[in-house]
Amino acid sequence: MRTRMVTFGVFAALALIFSYVEGLIPIQLGIPGVKLGLANLVVVIALYKVSWKETFLLAIVRVLLAGFLFGNLFSIVYSLSGSLVSLAVMMGLKRSGRFSVIGVSIAGGTAHNIGQLAVAMLVLESSSIIYYAPMLLVAGVLTGMVIGIAANEMLKRLVKINM
Amino acid sequence: MKRNDWILAVTILTAALAVFLLYSLSGNKHSESVTIRIDGTMYGIYDLAEDQMIEVNEGNTLEIKDGQVKMIYADCPDQLCVHQQAISKKYESIICLPNKVVIEVNSSSEDELDAVTQ
Chain C
850 MRTRMVTFGV FAALALIFSY VEGLIPIQLG IPGVKLGLAN LVVVIALYKV
900 SWKETFLLAI VRVLLAGFLF GNLFSIVYSL SGSLVSLAVM MGLKRSGRFS
950 VIGVSIAGGT AHNIGQLAVA MLVLESSSII YYAPMLLVAG VLTGMVIGIA
1000 ANEMLKRLVK INM
Chain A
11 MKRNDWILAV TILTAALAVF LLYSLSGNKH SESVTIRIDG TMYGIYDLAE
61 DQMIEVNEGN TLEIKDGQVK MIYADCPDQL CVHQQAISKK YESIICLPNK
111 VVIEVNSSSE DELDAVTQ
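So the protein lines, in turn, are chains C and A.
Just so you know, we're using the working numbering here: the first sequence kicks off at 850 and counts up by one.
Just so you know, we're using the working numbering here: the second sequence kicks off at 11 and counts up by one.
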């Protein structure tokens, strides 16, 4: 029990740090909302290492902590919607057993972007921003692939953590 | 990467390409005006041909120059809209989420007439 809690704490801390580090990267691509999603690396690893309940909790804790520390109420709402859609899709694909970590992460990255776009459309009552869907899809595939490859390498080396 | 991973990636990219082509075929022309909406309600329509500065509720400032619109000031912390490139094509938009400001390039008036007569 104690190790579970400690591991969860370490995961949550890592996810939070990655959220912060990502904020330090000054690259702006000119497309709103496109970023690497470093914190998602921790979530993907958690997906394969801890139970789905803990992964779910981790994603929410990460978004709330990062949101209150570095963002505002709006960023929390958008992050949360993206994270939850992404997590739901990743859990589904992982359970299906047909995809590797990289495929799961690609789907997660894409779902994250589309989830946020959908919420933005609802909040703004404007459907025109669907214009950005292609860029966000491509960005989701690319960032998902990078995160997936990194997660895959880390999972190979994290065999000792098992819960 | 497994074979399924590649299929997934290629499917998503194809979908992206399809949506992109659909939009670029229908809206590649440069347009004449931009609409500004706040929280879904109309704020104003501005001519793209005329260089001007537009202040939107003090929270945002837009610049129209050389037929393109750019957000040059926003009072929000993330500044995503300010970092965004200038827009000029139909359907393109700049959005300031915290202030719920949507700037959208309009279809030209001719297109609207066409749509009505069709």
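There may be inaccurate statements among the hints.
The calculated label-pair distances, taken between Cβ atoms and stated as ranges, are [claimed, not checked]:
#1 C:T852 with A:F30: 27 to 37 Å
#2 C:I909 with A:D85: 38 to 48 Å
#3 C:E871 with A:L32: 49 to 59 Å
#4 C:S976 with A:L27: 18 to 28 Å
#5 A:D57 with C:K902: 53 to 63 Å
#6 A:I82 with C:L873: 31 to 41 Å
#7 C:Y869 with A:G69: 25 to 35 Å
#8 C:I909 with A:S34: 17 to 27 Å
#9 A:S34 with C:M854: 48 to 58 Å
#10 A:A25 with C:A862: 45 to 55 Å
Here are some, though not all, of the chain A residues that point toward chain C, as calculated from beta-carbon distances under 7 Å [claimed, not checked]:
#11 K12
#12 L18
#13 V20
#14 I22
#15 L23
#16 M52
#17 G54
#18 G69
#19 V92
#20 A96
Simulated from the structure, these hints should not be mistaken for lab results.
In this text, all values refer to a predicted model and were calculated from it rather than measured experimentally.
For glycine and all other residues, C-beta sits at the position ideal for the given N, C-alpha and C.
Hints, verified against the model:
A C-beta distance of roughly 48 Å is found between T852 of chain C and F30 of chain A, which places it outside the suggested range of 27 to 37 Å. Between I909 of chain C and D85 of chain A, the C-beta spacing of about 29 Å breaks the proposed range 38 to 48 Å. Separated by about 32 Å at the C-beta atoms, E871 of chain C and L32 of chain A break the suggested range of 49 to 59 Å. The hinted window of 18 to 28 Å between S976 of chain C and L27 of chain A holds, with their beta carbons roughly 20 Å apart.
The hint said 53 to 63 Å for the Cβ distance between D57 of chain A and K902 of chain C, and at roughly 56 Å that hint holds. Against the hinted window of 31 to 41 Å, the Cβ-Cβ separation of I82 of chain A and L873 of chain C comes to about 24 Å, which falls outside the hint. Between Y869 of chain C and G69 of chain A the CB atoms are about 27 Å apart, so this pair conforms to the stated range of 25 to 35 Å. Against the hinted window of 17 to 27 Å, the Cβ-Cβ separation of I909 of chain C and S34 of chain A comes to about 38 Å, which falls outside the hint.
At roughly 52 Å, the beta-carbon separation of S34 of chain A and M854 of chain C lies within the given 48 to 58 Å, and the hint holds. The given range of 45 to 55 Å is broken by A25 of chain A and A862 of chain C, whose C-beta atoms sit roughly 37 Å from each other. For K12 of chain A, the interface hint holds, since its Cβ comes within 7 Å of a Cβ in chain C; the closest pair sits about 5 Å apart. The criterion of a C-beta within 7 Å of any C-beta in chain C is met by L18 of chain A, whose closest approach is roughly 5 Å, and the hint holds.
For V20 of chain A, the suggested interface contact is broken, since its CB lies about 9 Å from the closest CB of chain C, more than 7 Å. With its C-beta approaching chain C no nearer than about 5 Å, I22 of chain A sits inside the 7 Å limit, and its interface hint holds. For L23 of chain A, the shortest C-beta to C-beta distance to chain C is roughly 6 Å, which falls under 7 Å, so the interface hint holds. Annotation: interface hint on M52 of chain A violated; nearest CB of chain C at approximately 12 Å, more than 7 Å.
Because the smallest distance between the Cβ of G54 of chain A and any Cβ of chain C comes to about 16 Å, over 7 Å, the interface hint for this residue is violated. Of the supplied interface hints, the one on G69 of chain A is violated, with its beta-carbon coming no nearer than about 13 Å to a beta-carbon of chain C, more than 7 Å. At a threshold of 7 Å, the smallest CB-CB gap from V92 of chain A to chain C is about 9 Å, leaving the interface hint violated. Given hint, A96 of chain A at the interface with chain C, is violated; its Cβ is 9 Å from that chain's nearest Cβ, farther than 7 Å.
Violated hints, listed in ascending order, are 1, 2, 3, 6, 8, 10, 13, 16, 17, 18, 19, 20; each of the other numbered hints is respected by the structure.
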